[in-house]
Amino acid sequence: MKPLEKQNYYEILEISPNATQFEIRSAYKTALYIYDNGSPVSYSFFSKDERKNILVLLEEAFLTLINDQTRSEYNRKLVEEGVLDEETLYGDDYKKPIPIIDLKRSKVSTSRKTTSGSIESGRESHHIMSKLLALDVITGSDLRKMRMLLGVPLEHIAEYTKVRINLLRCIEEDRFEELPSMFHLKSFLRSYIDYFKLDPGPFVDRYMKRIID
Amino acid sequence: MQHIWPIGGGKGGSGKSFLVSNLGVWLAMQGKKTLMVDVDLGAANLHTLVNIPYPEKCLSDFINKKVDTLDETIIETSTDNLYLISGANNNLDASNLVYSQKIRVLRAITKLPYEYILLDVGAGTSFNTIDFYMISDYGVFVSTPEPTSIENVYRLIRSVYFRKIRQMLNQQDFKSIIEQAGVLCKESSIDYLSAIPFLIKDREPETGKIIELMLQNIQYRLVLNQHRKRDNPNLGFLMCKMVKKYLGIKMEFVGNIHFDERIHDAVRKKVSFISRYPYTQAASDIRELCNKMLLISSQDSIAGDEHVQVHHL
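As you go down the protein sequences, you meet chains A and B in turn. Per our numbering, residue 1 is the first one in the first sequence, and the count goes up by one each step. Per our numbering, residue 1 is the first one in the second sequence, and the count goes up by one each step.
Hints listed in this document are in silico derivations from the structure and should not be mistaken for laboratory results. A few of these clues could be false.
Label pairs and their calculated CB-CB ranges [said to hold, decoys possible]:
(1) GLU261(B) / GLY82(A): 41 to 49 Å
(2) ASP174(A) / LYS32(B): 47 to 55 Å
(3) TYR279(B) / ASN166(A): 33 to 41 Å
(4) GLN30(B) / PRO3(A): 40 to 48 Å
(5) ASP202(B) / ARG25(A): 37 to 45 Å
(6) LEU63(A) / GLN101(B): 56 to 64 Å
(7) GLY248(B) / ALA134(A): 37 to 45 Å
(8) GLU60(A) / ILE296(B): 36 to 44 Å
(9) PHE22(A) / ASN96(B): 54 to 62 Å
(10) ILE66(A) / GLN30(B): 31 to 39 Å
Bear in mind the structure is a predicted one, so any value in this text is a computation, not a measurement. No residue lacks a Cβ here, since even glycine has one placed at the ideal position from N, Cα and C.
Isolated chain A (complex conformation) (with noise of 0.2 Å):
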């Protein structure tokens, strides 16, 4: 085994690259059950020292991660070290829109009108993403690709819908079954398109016109 000093802050937890604030927040609630000073998992097993230095990683790690701004510079730090690869920490969620201009910066709690301010513009612009506008029929993968075209992680519609996170990954997948009834998936879908501010009417129904035939 690597020493823990010489492990990265996601081999300290167990998490993945890209795993989301909720599994770093359930893997640190883990860790501290294993590793804390009353812990019945460790007890007598490491010299005082020793937890110490773990409890004082622990905490360094969290707390670099959890705050989207420190983890992003982590991040960027371990690429150019060359610990991770891009490719994985980008590939899925966490590309987040750039605003093109930042009126409020001051200011807090603009976030989501930032967002949809440059999701409009990002959707003018990608010529793709016109075409996948045109489509007759929509599947899940169809809205998986526009989502990532625009860099929006999911779990940032889910807070904006309120809807649990893998009954959308249903929807992006396909797998309706597993949703509780239609009439769920058309409002889930519609609250899904209305995050990106379009018209959910048209696209409710090309995607529902597949299920139907």
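Place chain B on chain A using the hints.
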């Protein structure tokens, strides 16, 4: 194929003999020819648990050469297919067995024609306890979900690991390696144990390789006994994870045994718990973990690693 499972746990009262007797009964009920050996030399009581208060033969007879073969000390129990070598009438100084005699006993045990041989190893981490773990790669460790017991079981695992390495080297080499490891890190440190195989490999690549292979073959199991409702059911799993991560020893968690007041009754009445109370949670826990262990060992023997269990004897 013969399977030898040493069952111990460091701390007294964690349920080692109880587990041995019930595993023995269950294995025998499955039609496996099973032998239980009480190697808790100084404080034997396995015979009591299977209700043979006055065993006429015991392990001491073999140690003292009253009989020629270990075979002659075996007694039948009331359960079919289940046999016992008792330690009831051991000499009062039996727990201080000398090394050559111990080797003689161990060698004789491996030659007995039984499918499953369960060794009831006593508490503590003296040579007379941990040496019985040397005979097999499939040691079973019993603990309760209490810090005292967990502490002792970790200690036992480390001692066994340490001893396994030690017996592969001559005394001089071992001493100098220990000194070297002591310079690198403190003895209580977690890196201390894992550093030793590397140091050996550095010095003598060939011996290092053999030791590495030997450590890879180890397949320990952990059982948590007296598990109450409010204990975390994942505790054992996490413990195994720790052992694997920091000591590099393969250890599988095979299950919790639920705490049950009736176990006390069964022991008091000197009947086997699993046949007296077969429909309790604890009994089904025992059956389940036994089946799991059978599955693991059958997978191992199918995998066909032809490593001789008693390489060094």
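Each hint, compared with the structure:
As the Cβ distance of GLU261(B) to GLY82(A) is approximately 60 Å, the hint placing it in 41 to 49 Å is violated. Between ASP174(A) and LYS32(B) the C-beta distance comes to about 50 Å, which sits within the given range of 47 to 55 Å. Checked against the hint of 33 to 41 Å, the C-beta distance between TYR279(B) and ASN166(A) comes to roughly 39 Å, which is consistent with it. The hinted range of 40 to 48 Å is satisfied by GLN30(B) and PRO3(A), whose Cβ atoms lie roughly 45 Å apart.
Distance hint for ASP202(B) and ARG25(A): a CB-CB separation of about 42 Å, consistent with the stated range 37 to 45 Å. The hinted window of 56 to 64 Å between LEU63(A) and GLN101(B) holds, with their beta carbons roughly 59 Å apart. For GLY248(B) and ALA134(A), the Cβ-Cβ distance of about 58 Å falls outside the hinted range of 37 to 45 Å, so the restraint is violated. Separated by about 38 Å at the C-beta atoms, GLU60(A) and ILE296(B) satisfy the suggested range of 36 to 44 Å.
At about 58 Å, the CB distance of PHE22(A) to ASN96(B) agrees with the hint of 54 to 62 Å. Remark: the range hint 31 to 39 Å for ILE66(A) to GLN30(B) is contradicted by a beta-carbon distance near 51 Å.
In this structure, the hints that do not hold are numbers 1, 7 and 10, in rising order.
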